[in-house]
Amino acid sequence: MNVGRFSGVLIPLLAVVLGILVGSIVMLVSGYNPIEGYSALLYGAFGDPYYIGETIRQVTPYILAGLAVAFAFRTGLFNIGVEGQLLVGWLAAVWVGVSFELPKVIHLPLAILAAAAAGALWAFIPGILKARFKVHEVIVTIMMNYIALHVTNAIIRSVLSDKGFKSEKVHESASLRSDFLQSITDYSTLHYGIIISLIGAVVMWFLLEKTTKGYELRAVGFNQHASHYAGMNVNQNIVLAMVISGAFAGVAGAMEGLGTFENISVKGGFTGVGFDGIAVALLGGNTAIGVVLAAILFGSLKIGALEMPSSAGVPVELVDIIIALIIFFVASSYLIRLILTRLKKEGK
Amino acid sequence: MDYVIEMLNIRKEFGSFVANDNITLQVKKGEIHALLGENGAGKSTLMNVLFGLYQPEGGEIRVKGESVKITDPNVANDLGIGMVHQHFMLVDTFSVTENIILGSEPKKGGKIDIKKAEADVRALSEQYGLAVDPTAKISDISVGMQQRVEILKTLYRGAEILIFDEPTAVLTPQEIQELIQIMKALVNEGKSIILITHKLKEIMEVCDRVTVIRRGKGIGTLNVSDTNPTELAELMVGREVKFTTDKEEAKPTEPVLEIQNLVVKDARHINTVDGLNLTVRAGEIVGIAGVDGNGQSELIEAITGLRKAESGSIKLNGKELINLSPRKITETGVGHIPQDRHKHGLVLDFPIGENMVLQTYYQEPFSKNGILNFNQIYDKARKLIEEYDVRTPDEYTKARALSGGNQQKAIIGREVDRNPDLLIAAQPTRGLDVGAIEFIHKRLIEQRDQGKAVLLLSFELDEVMNVSDRIAVIYEGKIVAIVDSKETTEQELGLLMAGSKKKEAGVTS
Amino acid sequence: MDFLTVLQIIIPSAIFFAAPLIFTALGGVFSERSGVVNIGLEGLMVIGAFVGIVFNLTFADSLGELTPWLAVFVAMICGAIFSLLHAVASISFRADQVVSGVAINFLAIGLTLFLVKKIYGKGQTDQIQVGFDKIDIPLLSDIPLIGPLFFANGYIPSYIAIALAFIVWYVIYKTPFGLRLRSVGEHPMAADTMGINVLKMRYIGVMLSGALAGIGGGVYATIISRDFTHATISGQGFMALAAMIFGKWHPLGAMGAALFFGFAQSLSIVGQSIPLLKDVPTVYLLIAPYVLTILALTGFIGRADAPKALGIPYIKGKR
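Residue numbers (this note's numbering), protein chains in the order written: chain A, 1 to 348; chain B, 1001 to 1509; chain C, 2001 to 2319.
Keep in mind that the hints were calculated from the coordinates and are not lab data. Please note: incorrect hints may appear among the correct ones.
[As the list claims (entries may be wrong)] Okay, the calculated bits of chain C under chain B, using three or more residues with CB under 8 Å as the criterion: (1) 2164-2178; (2) 2210-2221.
[Said to hold, decoys possible] Here are the simulated PhoX-like cross-link-like pairs (lysine-lysine), alpha carbons at most 20 Å apart as the crow flies: (3) B/Lys-1328 to A/Lys-213; (4) C/Lys-2174 to B/Lys-1343; (5) B/Lys-1137 to C/Lys-2117; (6) A/Lys-210 to B/Lys-1380; (7) C/Lys-2308 to B/Lys-1137; (8) A/Lys-166 to A/Lys-267; (9) B/Lys-1251 to B/Lys-1107; (10) A/Lys-134 to C/Lys-2174; (11) C/Lys-2174 to B/Lys-1107.
Bear in mind the structure is a predicted one, so any value in this text is a computation, not a measurement. Just so it is clear, CB atoms sit at the ideal spot from N, CA and C, and this is done for glycine as well.
Using the sequences provided together with the hints, build the complete structure.
Below, the structure written as structure tokens:
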């Protein structure tokens, strides 16, 4: 079926179009002007250097969160715990950033590695529970999210500050910010993290497609029985997949801690980056390049949305609705494929 | 002519695939009518149309002379049509009674009147001589009883016409005889039976007429008394069929596989393999005959490292293999064509090329220092694809897209190419067409002639008798007899498989 | 403070914390027993909470005492309707059921907050004025010792939740509907051959889960949070899912597990009043429910007893 060859790109594309369409219906029904709304969105994302800087900055953790979810998906696991892994990664990065005084060439990588390790550790638990006890990772990772939230808040209050609400600023030697970047984007919060996330995408691609480990991870993700028979250690690979996934998520947290905010503060709820990462991975077809493209889309949507209340009166949550709809449409790809085949038959 | 069922010019399509191409089937009242065809010919599809699970694209169905539209199984039931499925449609966690009454539950107030239901089941079971335990859970009863439950399901709904879909696949020769008696009894009570099968001997024994289907088309209907197995086989396949494989005498040499006192436990801590002894020599094919459930699957799993063995010894060329990892066992020289090719043999969503290195990807030249060398991998894949006649658009096509026969050929190519000393073939021809079956049998004999040891596991007695040099009968986890394939008969094997001992003393290794 | 007083604080609050979980977990049982995974219970609770609060705030003046009851009733309807999305996606469009459930959660949060901002102009609603009353159950509350602990001073919906668990048990195990529902989740093809409409049963299962989760959310918001914000429902839906798994997909087991989780949740809130727990750092009490959930799942071998066809879309004609 020829549809198959294009469906890899066509389906996400269609899902986005459908999502935006339904979004306009929601706006119309609620008494807003969709054209005004979407124009505000576009302007808010790309309208001037400041916005572009902010968009790129927003895209950065999305790429990494998307890579985390996509990597897990490719190996047959559903990592909904990116939110929590991101938080502990953020905490670890800031902790290292605040506690030491080292030359930048050591301090910065160290902080990022600490974040990766923290995220990896946080993901190790659901990984081992799944591998050894067959406990479904969905619930465990969701629980770990809440545990991470409360624990990081407690640590911020007790260790990183004196019963305060946020930590100190990380040392310059651990920061991803740069005056140069700030100057060319009209003082946005753009930082060098984007480079790290793009490197992350390359790493994921290389690991999965080119190495023997990647071969094993993919095989286990598709068929545990055949993998076991082929001599692969299924449990080890499951745990490894979660750990690598968690590492990506942790680095996403480092991006926020060392770049966007340069500190960590007590949170009343989740950042949402982890959940958006799920949408990014799904839309990107769980491939490295797809994740990058989807992250750019979602980053633009999120930043652009901030402009909507003031320019068009539309609440920012509209974008969350659109994102949810896109996920629905991607998940129901069978329907889209059906429509495409139907169209193809009639076109003949 | 009193036809109780007429299916006239039935056409059934699945997308572009035509499963039934203008097939006509007419069944007389009170007869046992066989529907004969190879795997995939379209027999089950036709019966699913009759039973209301599928809707035909064309054609007409008449029941007792009246034209009907059977839109779902409820309608079929109302018309008196019942189906005894090949793969039992039973809910494991429900009781016998609950399975039988599902969908037609007797009610009292708002709840199910389970007492009445059980009484009804008992009465029905006595009337037709189908012994079942109404309160037992399906997961706890034997395969034979499960089949009787399937039959009772149809009788509970007052079926007049019963469709049996390949009912003998899971039975011993003795249980098959019992089933034949049951069918004759049902006919005596006025029922009509359609028997879907590809087993020629059963047709000759119990059926009145037979309709042959080949590749979706109806070939013809004959009286069984006017025909014979050879003619039926040729009609079924479309050309001359050889019932035996050409092969030279085996020239076995040293033992390659030596199993002693092997004990394997299952999930319920019962010994499924119970002190088993077996030897396979280089240059011979040993076939394992036995009814499913006597430990043969667990035996194979223990040899290949997929299952833990409790105790005993498995030696390959003198090296102890027991409880080593699958990878170590493979590296020592064992090749395995697994029983479930989709579960153990292939990663269906990988390209067929990547499947060819499933056990060797980590070795040179396919990878070095952890990085895969795709040139080498696909070179090897191309070579194997050509050598083993695997029909595929290219080596990048996903394994899922290949037909069963081609998937199996690919697996065989992969295993044989690794040059194992012992080749294990478990159900190697299940679900394949005659052409693929012939190819695979040839390859197994080829391996044997090249001095390999081959262990064949199959539930098709014909295959075991045809291909093997020696036959080891497994019963309740032990090898109870070893016979020469040329000197034994199906009757003898059937008796041994059901547990009766050979007249000569005990077990030979 | 003696032991009895401690119990008097913990047990009633455990029960009313558990009630929303019981409702939702029972909903989960219906859905998953029919073979459809429903991760979206969290989002359905959000819908229920939202509708429960907004209805209450809007109509409290005109409906008076009846308001919370009608509010929860409307929440139930809305939950059932919203769950149709999941049903259509998972059953008719054969979407990955976990993904569809996650999408429901996103959509519910986004939609409800969108509406809150639109209706009230701010990020959260006001507090409701009319809630549920507490009652003492006649006769049972007079039993010495246990009476006052379990059967007195409780909210009506809590008692309804427990009674409902028994009703659901009866429906699932004693009625034809229940037998057919279970057959569809264990072996849909067998059910199909017996003339049962698999897709229809699954739709009913999912919509019942939506209805019950809607009630759960509505009850939670009305009794416990008394307003609606982005943080009103934070994990309760998932906890209900865990309770269902912990209870091995059995209504009474789910109820027992939900009571256990309710107990854990209440500890984190009322912990301050209890001398024993006053000195425990808050964070331990806060994470207790979640840690206990994980331990429970691990200790009770996760999904060993799940309905066999759970999560697999039923496609007619697939052999």
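Outcome of the hint check:
Only residues whose beta carbon comes within less than 8 Å of a beta carbon in chain B count, and the region 2164-2178 of chain C has 4; three or more means the coverage holds. Using a Cβ-Cβ cut-off of 8 Å, 0 residues of the region 2210-2221 of chain C lie near chain B, which falls short of the minimum of three, so the contact claim is violated. Between B/Lys-1328 and A/Lys-213 the alpha-carbon distance is near 18 Å, which keeps this suggested pair within the 20 Å criterion. A hinted pair counts as satisfied when its Cα atoms are at most 20 Å apart, and C/Lys-2174 with B/Lys-1343 does not qualify at roughly 37 Å.
Of the supplied pair hints, the one linking B/Lys-1137 and C/Lys-2117 is violated, its CA atoms being roughly 56 Å apart against a limit of 20 Å. Under the criterion of a C-alpha separation no larger than 20 Å, the hint pairing A/Lys-210 with B/Lys-1380 is consistent with the structure, at around 18 Å. Between the alpha carbons of C/Lys-2308 and B/Lys-1137 the distance comes to roughly 15 Å, so the proposed pair stays at or under 20 Å and holds. Taken as a hint, the A/Lys-166 and A/Lys-267 pair is honoured in the structure, with Cα atoms around 9 Å apart against an allowance of 20 Å.
With a C-alpha separation of about 68 Å, the suggested pair B/Lys-1251 and B/Lys-1107 falls outside the 20 Å cut-off, and the hint is violated. For the proposed pair A/Lys-134 and C/Lys-2174, the alpha carbon gap of about 31 Å is over 20 Å, so the pair is violated. Between C/Lys-2174 and B/Lys-1107 the CA atoms are separated by roughly 10 Å; this keeps the pair inside 20 Å, and the hint holds.
The structure fails to meet hints 2, 4, 5, 9, 10 from the earlier list, while all remaining hints are met.
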